[in-house]
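Asks: All residue numbers for the sequence shown refer to this note's numbering, where the first residue is 49 and numbers rise by one.
Any given hint could turn out to be false.
[As the list claims (entries may be wrong)] Below, a list of computed lysine to any residue pairs in the SDA-like style, where the Cα atoms sit at most 20 Å apart: (1) 61 - 106; (2) 76 - 109; (3) 61 - 122; (4) 61 - 120; (5) 61 - 98; (6) 75 - 108; (7) 61 - 77; (8) 61 - 80; (9) 91 - 109.
[As the list claims (entries may be wrong)] Cβ pair distances, simulated, as ranges: (10) 73 - 120: 34 to 42 Å; (11) 75 - 131: 27 to 35 Å; (12) 120 - 62: 25 to 33 Å; (13) 75 - 110: 36 to 44 Å; (14) 117 - 70: 30 to 38 Å; (15) 124 - 71: 28 to 36 Å; (16) 75 - 117: 16 to 24 Å; (17) 73 - 94: 35 to 43 Å; (18) 122 - 75: 40 to 48 Å; (19) 60 - 127: 36 to 44 Å; (20) 120 - 59: 29 to 37 Å; (21) 75 - 124: 13 to 21 Å.
No lab work stands behind these hints: they were computed from the structure. Note that the structure is a prediction, hence the values are computed from the model and not measured. From the three backbone atoms N, C-alpha and C, an ideal C-beta is built for every residue, glycine too.
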Amino acid sequence: GFSLGNTVQSHTKGIWVWPVCHPRDEKKCLLLLDTEGLGDVEKANGEYDIWLFVMAVLLSNILVYNTVGTLDHSGLEQLQYPFESDQLL
Numbered sequence: 049g050f051s052l053g054n055t056v057q058s059h060t061k062g063i064w065v066w067p068v069c070h071p072r073d074e075k076k077c078l079l080l081l082d083t084e085g086l087g088d089v090e091k092a093n094g095e096y097d098i099w100l101f102v103m104a105v106l107l108s109n110i111l112v113y114n115t116v117g118t119l120d121h122s123g124l125e126q127l128q129y130p131f132e133s134d135q136l137l
């Protein structure tokens with residue numbers, strides 16, 4: 049599986065993939081994805097975050113968004129932005 053940390057420091061870089069057998073259908077395999085956190089202050093701009101998030105969404109049929117604290121208006125705008133950007137067309 050994925051290694052875990054107990055801090056807000058970045059551990060995952062890019063997108064990590066972990067294949068596991070489907071628990072109810074042995075003919076299927078699940079691919080679990082782990083992406084690095086968005087909004088890393090060490091990165092120069094947010095374009096990398098946008099593409100990373102878009103790739104995770106396109107590769108997934110279920111997305112779990114983990115955040116420190118509650119999801120506020122600013123967080124919702126960040127989640128919505130990649131889908132409204134004309135740069136993705």
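Asks: Which constraints among the numbered hints does this structure fail? Numbers only, ascending.
Replies: 3, 4, 7, 9, 13, 16, 19, 20, 21
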